[in-house]
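Undergrad: Chain residues, written in single-letter form:
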Amino acid sequence: MPADKTASMAEAIASIEPGSTIAAGLALEHAIPFAAGHELVRQGTDDLTLVGPISDVLFDQLVGAGLVSNVRAAWTGNVSAGSGYNFRRAVEGGELDVENHSNFSIALSLHAAELGVPYLPTRSLLGSDIAGEPQFRITEDPFEGQRVVQVPAIAPDWTFVHVQRAAPTGDAHLWGNTGVTYEAVRAADNVLVTAEEIVDPEVIKSDPSRTRITREQVTAVVEAPFGAHPSPVAGRYNRDNEFFLEYAEATRDEGGFDAWADEWIHGVESRAEYREKVTRDLSVREPTTAAEVTYGQ
Amino acid sequence: MASEDASEYTARELMVSAAAREIDDGDVAFVGMRLPLIAFQVAVSTHAPNAMSVFESGVVREDPADGFLHTMCDLPNLDRAVSTTGMLDVMGRLARGDIDVGFLGGAEIDRYGNLNTTRVHAGDREIRLPGSGGACDIACLSDRTVILMAHEPRRFVERVEYVTSPGHGEGGDWRDEQSVQGGGPNALVTSKATFGFDDGELYLRTVHPGVDADEVAADFPWDLRTREDVTGEAVGVTDAPSSEAVELIREFDPDGFWTRG
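Just so you know, the sequences run in chain order D and S.
For the first sequence, the residue numbers in the UniProt record's numbering are 1 to 297.
For the second sequence, the residue numbers in the UniProt record's numbering are 1 to 261.
Be careful, since some hints might not be right.
Stretch by stretch, here's where chain D covers chain S in the computed footprint (C-beta under 8 Å, at least three residues) [unchecked claim]:
hint: 1; stretch: 24-30
hint: 2; stretch: 52-60
hint: 3; stretch: 117-127
hint: 4; stretch: 188-196
hint: 5; stretch: 206-218
Some chain D residues near chain S, calculated using beta-carbon distances under 10 Å [as the list claims (entries may be wrong)]:
hint: 6; residue: 56
hint: 7; residue: 98
hint: 8; residue: 102
hint: 9; residue: 117
hint: 10; residue: 118
hint: 11; residue: 134
hint: 12; residue: 137
hint: 13; residue: 143
hint: 14; residue: 165
hint: 15; residue: 177
hint: 16; residue: 199
Note that these hints are calculated values from the structure, not bench results.
All residues carry an ideal CB built from backbone N, CA and C; glycine is no exception.
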């Protein structure tokens, strides 16, 4: 029997050490693992390094909670409102180190780690001040002498992903755009899969072309319906844009985040209770069902 | 069929319409967020039915989304896309040189079209901005780029403090000398005017209806060149959006979240 990796959110997050490097928000604005992030806040797992392309307020929340020492990202803010105010305050106050990337360089960092190589070259970044950031090296390629930027590998201790469905084994289906999800899964020592739904392994095996996260990479699987709100999940719920705007207003001033977290993180016992608090209709009103895919022999 | 000019429109609707005209039929456009999202939808619905859009999140679309978009990952943008894939797939197309036109925004732009979205100063105070996202990659690698910005004098600086997204660097052949792959900025569209680049330097091409060219030039901290300096042809007036374009913009942005207010 394959191991059953299901856990409660509290159990899964309790196994993460302070000081860990965590990659999250890997499908960009889609399927961001907010429920997992909120449990980090509840447990106060601190001294974190966060890795991701853009995080659309997840990183801002963890920074606001005082859990983050370092952000290695291309963009940190609020896609609906612009600024992430906790992030801004922490950087401007000298409390947070930022390693500036582009989306492509973050993708290459994670790709290098999944391939087990120390770096990968790119012709992006050349001419920008990002190329001059201390983590990069501008060199000539040894074959034709082209100028390239060497992008060092980033291997996170943990990668968090949110998916539509996963088996208790850790095998998972994610659909819709995926950003750098799979690179980050394979780059990490541990992977936490949070899923809208835990399903029978036969459901996953009925469509193996959709299965790009498999059990040997996965440390824990948590059933977390509505676990990506306010970000959208393909086929499950729409993005809650108003929530992002309200969050921006609530956190504009110092101290605002604590009140926000008291209501939305510390003030709810479970994701089910959180869901009850969200009154806007985010349901998928015009579902598109894919044409049937047949395998067999 | 050409449609008549719209009689009423906002500055941002004009920006979207001007940006849409920068997409040629058959182009592959790297779209990004905000106004360019709508510009692509207008272009593909009017003069560029064979244009394709790619988004760094891993979305490839051939047509407008059937629903309003706050972000590139809103479900209407994923629903009935041509492909929903990963970032390296899309960035690979960019790195190979397959992207004809990329769209950029910025907090600051300088004389040579370099953009800063990383950090700025207000007096002595440093303000941290969100950062590059995919903008640096689009700026480095697209065949050409089109920049959209609100027309505010504080955004126009002699030299950006941090080059998040390289334009033409220091002008002339700077991109070639620095081995920067793509062609660099081709146009800047603000809420008052459109600009081109000559020998890597920004010049005023057209002013929007009712805007005075001298007023626009006064917003720049250097002696802004104009189309007259570059081609001998006087600064023109930006074409008003067609009534069809304005109707489409209001269909794609029914509450005016991006284009009104």
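Undergrad: The structure should be examined with respect to each hint, and the outcome stated for every one.
TA: Evaluation of the provided hints:
1. Counting residues of the stretch 24-30 of chain S whose C-beta lies closer than 8 Å to any C-beta of chain D gives 0; at least three are required, and the coverage claim is violated.
2. Counting residues of the stretch 52-60 of chain S whose CB lies closer than 8 Å to any CB of chain D gives 5, which reaches the minimum of 3, so the coverage claim holds.
3. Check on the stretch 117-127 of chain S: 4 of its residues sit with their Cβ under 8 Å from a Cβ of chain D, so the three-residue criterion for coverage holds.
4. Check on the stretch 188-196 of chain S: 0 of its residues sit with their Cβ under 8 Å from a Cβ of chain D, so the three-residue criterion for coverage is violated.
5. Using a Cβ-Cβ cut-off of 8 Å, 0 residues of the stretch 206-218 of chain S lie near chain D, which falls short of the minimum of three, so the contact claim is violated.
6. Proximity of residue 56 of chain D to chain S holds as hinted, the smallest CB-CB distance being about 8 Å (cut-off 10 Å).
7. Taking 10 Å as the C-beta cut-off, the interface hint given for residue 98 of chain D holds, the closest approach to chain S being about 8 Å.
8. Restraint check, residue 102 of chain D versus chain S: the minimum CB separation of about 4 Å is within 10 Å; hint holds.
9. Annotation: residue 117 of chain D was flagged as interfacial toward chain S, and the flag is violated, the nearest CB pair being 15 Å apart, outside 10 Å.
10. The interface hint given for residue 118 of chain D is violated, since its Cβ lies 18 Å from the closest Cβ of chain S, which is over the 10 Å cut-off.
11. With a cut of 10 Å, the hint placing residue 134 of chain D at the interface with chain S is violated, because the nearest CB-to-CB distance is about 14 Å.
12. The interface hint given for residue 137 of chain D is violated, since its Cβ lies 15 Å from the closest Cβ of chain S, which is over the 10 Å cut-off.
13. Residue-level restraint check for residue 143 of chain D is violated (minimum Cβ-Cβ distance to chain S is 15 Å; threshold 10 Å).
14. Of the supplied interface hints, the one on residue 165 of chain D is violated, with its beta-carbon coming no nearer than about 16 Å to a beta-carbon of chain S, more than 10 Å.
15. The criterion of a C-beta within 10 Å of any C-beta in chain S is met by residue 177 of chain D, whose closest approach is roughly 4 Å, and the hint holds.
16. For residue 199 of chain D, the shortest C-beta to C-beta distance to chain S is roughly 21 Å, which exceeds 10 Å, and the interface hint is violated.
Hints 1, 4, 5, 9, 10, 11, 12, 13, 14 and 16 from the earlier list are contradicted by this structure; the remaining hints agree with it.
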